[in-house]
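Read in order, the letters of the sequence shown correspond to residues 0 to 820 in numbering that gives the first Met the number 0.
Each hint should be verified, as a subset may be incorrect.
Stated by the list, open to error - DEER-style ranges, computed between Cβ atoms:
1. ARG174 <-> ALA556: 27 to 33 Å
2. GLY30 <-> GLY658: 33 to 39 Å
3. PRO56 <-> ARG819: 32 to 38 Å
4. ALA441 <-> ALA780: 33 to 39 Å
5. GLY87 <-> ASN67: 34 to 40 Å
6. PRO799 <-> ARG286: 49 to 55 Å
7. ASN67 <-> ASN786: 49 to 55 Å
8. SER773 <-> GLY303: 36 to 42 Å
9. ASN67 <-> ARG286: 45 to 51 Å
10. ARG493 <-> PRO213: 36 to 42 Å
No lab work stands behind these hints, which were simulated from the structure alone. Since we're looking at a predicted model, the values are computed, not measured. Even for Gly, the Cβ is constructed at its ideal location relative to N, Cα and C.
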Amino acid sequence: MRRIAAFAGVVGAMVGLGLPAVAGAQSDPAGGTLLNVLPPGQSGAFPAVPNSTDQIPLYDGLTPLGANVGAADLDRYFKSARFGEPAGGPVEAPRPGLTIRYDSWGVPHVVGQTRDDVMFGAGWATARDRGLFLETIRGPARIAALDVPGFDAFSLATSLRSFTPSAATERFLARQAIPLRRAGARGRRVLADVDAYVAGINAQYRASGNGARPWTRTDVVAAAALIGAVFGRGGGNEVASSQLLSALRKRLGRRGGTRVWRDLRSAQDPETPVTLRSPFPYRTGGRGGAPGSRAVDAGSVSAGAARAAQAEMAMRRPMSNALLVAAQRSANGRPLAVMGPQVGYFYPQFLMELDLHGGGIDARGAAFPGVSLYVLLGRGNRYAWSATSSGSDNVDQYVVRLCNRNGSRPTRRSTAYVWRGRCRAMTTFDAGTLGAGGGEPAQRIRFRQTVHGPVSGTVTVGGRPYAVATKRSTRGREVMSALGFADLNANRVRNARDFARVMGQVEFTFNWHYADGRDVAFFSSGRLPRRPRSVDPSLPALGNGRHEWRGFIPRRAHPQAVNPRGGLLLNWNNKPAARFGAADDQFSYGSVQRVDLFRGLGAKVSLERLVGVMNRAATQDLRAVEVWPRIAAVLARGRAPDARTARAAELVTEWRRGGSSRLDRDLDGRIDAPGAAVLDAAWDGLADAVLRPALGPLTRQLATVQRRDNPPSPQGSAYGGGWYGYVDKDLRRLLGMRVRGRYSRPYCGKGRRAACARSLWRALKRASDRLAASQGGDPAAWRASANAERIVFAPGLLGPGATMRWSNRPTFQQVVSFERR
């Protein structure tokens with residue numbers, strides 16, 4: 000906390016200069032409803048100022064309404080997202096030709112005579128509102144860019160640990176200018192935008208006297224890499240998946256183990272919810288074997304490789320949702336959109352809002368400080384766009400056979416590997432020094448690399464030593480995605496069909512959503528590899544040079560649509576399209592996904608109804624809505640062990656009938672329904688009871704690859720992955736219900752209803768006994784803590800008073816319906 004206070008004290012002085020007004024407001028060419036919200040507020044100052052927290056009442060005020068959202072509530076709980084609205088307010092003129100006017104929410108409206116002026120203004124406004132954040136991410140963002148094994152760059156950014164990069168790191172980042180230059184005039188224009196943006200940051204730093212080192216191009220490149228590493232990537236967990244496969248084969252035999260592994264992988268489950276029903280085949284699902292892939296020996300993963308896998312999974316944040324309605328399904332005859340990214344809740348917030356105009360730029364919305372020369376999620380003159388993480392597979396792990404260049408027998412300590420028939424030495428990358436923090440001393444960070452990328456550790460395959468190397472398709476070229484954002488901000492999207500062309504330039508793995516006055520559209524982006532047929536994409540590939548990528552899939556192969564049949568585009572990080580296989584780290588594309596909660600829209604949808612459905616889903620417990628009915632049906636086939644446990648089950652059923660909301664309406668710090676306490680206490684045991692008959696001791700290992708649950712937390716997002724589909728699909732089969740893509744075997748009770756019911760009742764009784772011991776013997780009095788999951792803005796700089804009710808919704812959210820023109 001001492002470091003936080005020390006730096007925050009410096010950044011607290013980064014306040015705008017009071018200058019006279021020098022320019023008028025920018026006119027808005029669009030009509031219709033254009034709203035947004037971004038809690039806690041626009042400012043990232045320390046100590047906090049009024050604009051630091053003034054959007055909390057908007058965001059939090061909507062939550063208790065559930066689905067009961069009226070037309071008047073839209074303007075009450077969202078703010079205007081129109082261009083250049085302020086007629087008064089503070090004004091800055093950092094240089095001739097540039098005006099920055101701040102509205103009552105603190106949003107900067109930047110108007111420049113030239114494009115360079117606008118970029119300079121974006122940099123200035125970013126430094127003013129997010130100076131603390133900019134300095135916080137500088138080091139960790141470089142760790143993300145390098146893919147340093149064993150480090151979670153996102154957590155490092157929030158822990159405020161310093162990082163001093165080496166010259167090699169800076170050269171690595173600087174080389175990203177090369178592919179942009181090769182892109183021609185448009186690439187050179189992006190580089191000029193970056194330079195003007197950096198100049199604006201540094202000018203504000205000098206004006207505020209904050210003492211921070213000047214920013215450079217490489218800082219912007221690193222910030223772009225942080226976005227891609229956290230939100231815009233997928234895959235890269237083949238070793239853990241193959242370890243599970245090997246363990247299952249050891250327990251169940253090669254054939255039986257492979258079949259169970261396929262069940263759990265859910266790579267192509269025909270029941271999984273998809274955004275587009277039209278098929279877009281992409282071969283990321285595996286069958287458990289191919290000549291160019293290997294399953295590593297069970298239990299052979301080195302400590303370093305295990306740490307790297309844990310850090311990799313911790314950094315993944317599959318969040319964000321979008322609900323779009325085409326004109327033919329809309330009550331007002333115009334497209335509707337309620338959409339936004341879930342990036343967690345922080346102060347300073349990871350996103351900020353900008354309104355940019357001049358030199359061909361016209362855009363307003365959310366941007367990521369450090370790359371906030373462009374609006375990343377927002378609106379242009381007559382269209383709006385947003386994103387959800389797709390997690391599509393753009394990262395692969397290779398196993399490379401170790402060797403010694405002197406011909407001696409290799410061990411796991413060997414630092415050379417076989418590549419195209421020759422023994423080749425690994426290279427060593429000296430990244431720099433990570434400062435002390437979190438109880439750890441300062442440390443020099445070095446790691447080895449193969450031709451594929453960083454080496455995280457070693458494994459054995461058939462008893463022989465292999466190293467594990469990771470290859471990411473966007474490593475070293477993160478800034479190339481800027482070409483797409485530059486076009487969005489310059490309004491080069493002419494219509495919905497043109498949207499795919501523009502977003503096809505974005506190499507990070509996101510689902511992109513679009514609405515204008517006529518159409519809605521969807522495009523799933525990413526630099527996605529074409530893998531050879533010799534490789535099973537769910538398992539590590541042999542890194543001997545024979546099984547390398549064969550280029551990347553073309554734009555037409557990406558999931559995309561304009562005004563799809565049915566008139567709806569719904570996405571909550573679910574599979575983008577039919578036959579688009581799950582990435583190797585995605586085990587939960589099964590029969591249950593949280594996008595299922597977007598039900599009840601009706602034949603004709605109003606904008607307030609769309610917001611209401613989103614808001615209802617934001618406080619619902621997915622397990623109660625989608626999975627509990629199957630559990631209850633099996634419980635009914637058996638006998639409760641005692642009256643208290645029977646009553647506990649009834650309480651969950653009653654809670655579901657009432658909507659399964661986790662709301663604390665009376666603000667007593669407890670979730671209103673006792674059923675929530677029961678299901679929270681029982682879920683892990685119930686899930687284990689379903690799978691343990693087949694998996695036995697490997698039940699715990701599965702939980703390291705795919706967690707049992709993704710419960711609500713102070714960071715908001717929940718139910719993004721878990722054993723929900725496993726439980727649902729197996730119990731439906733047991734109950735004799737229709738199941739598409741049935742599992743290879745029954746799991747719960749080994750297919751015997753009575754045995755399954757007994758195991759589920761035992762799990763529920765254990766939970767009931769724990770609750771009785773902690774809260775008393777009356778199940779009706781049991782409550783889960785609402786305060787424990789109440790949203791807190793990490794790392795806590797706003798203090799204990801700045802919190803919100805738990806809500807599973809986008810951090811930045813747009814509510815949009817353009818007039819047709």
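Going through the hints against the structure:
Separated by about 29 Å at the C-beta atoms, ARG174 and ALA556 satisfy the suggested range of 27 to 33 Å. Judged by the Cβ atoms, the range 33 to 39 Å given for GLY30 and GLY658 holds: they are separated by roughly 36 Å. A hinted range of 32 to 38 Å for the beta carbons of PRO56 and ARG819 is consistent with their spacing of about 33 Å. In this structure, ALA441 and ALA780 break the distance hint of 33 to 39 Å, their C-beta atoms being roughly 51 Å apart.
As the Cβ distance of GLY87 to ASN67 is approximately 36 Å, the hint placing it in 34 to 40 Å holds. Judged by the Cβ atoms, the range 49 to 55 Å given for PRO799 and ARG286 holds: they are separated by roughly 52 Å. Between ASN67 and ASN786 the CB atoms are about 24 Å apart, so this pair departs from the stated range of 49 to 55 Å. The hinted range of 36 to 42 Å is satisfied by SER773 and GLY303, whose Cβ atoms lie roughly 40 Å apart.
Checked against the hint of 45 to 51 Å, the pair ASN67 and ARG286 passes, with Cβ atoms roughly 48 Å apart. With their beta carbons about 39 Å apart, ARG493 and PRO213 fall inside the hinted range of 36 to 42 Å.
Comparing the model with each numbered hint stated earlier shows that hints 4 and 7 do not hold.
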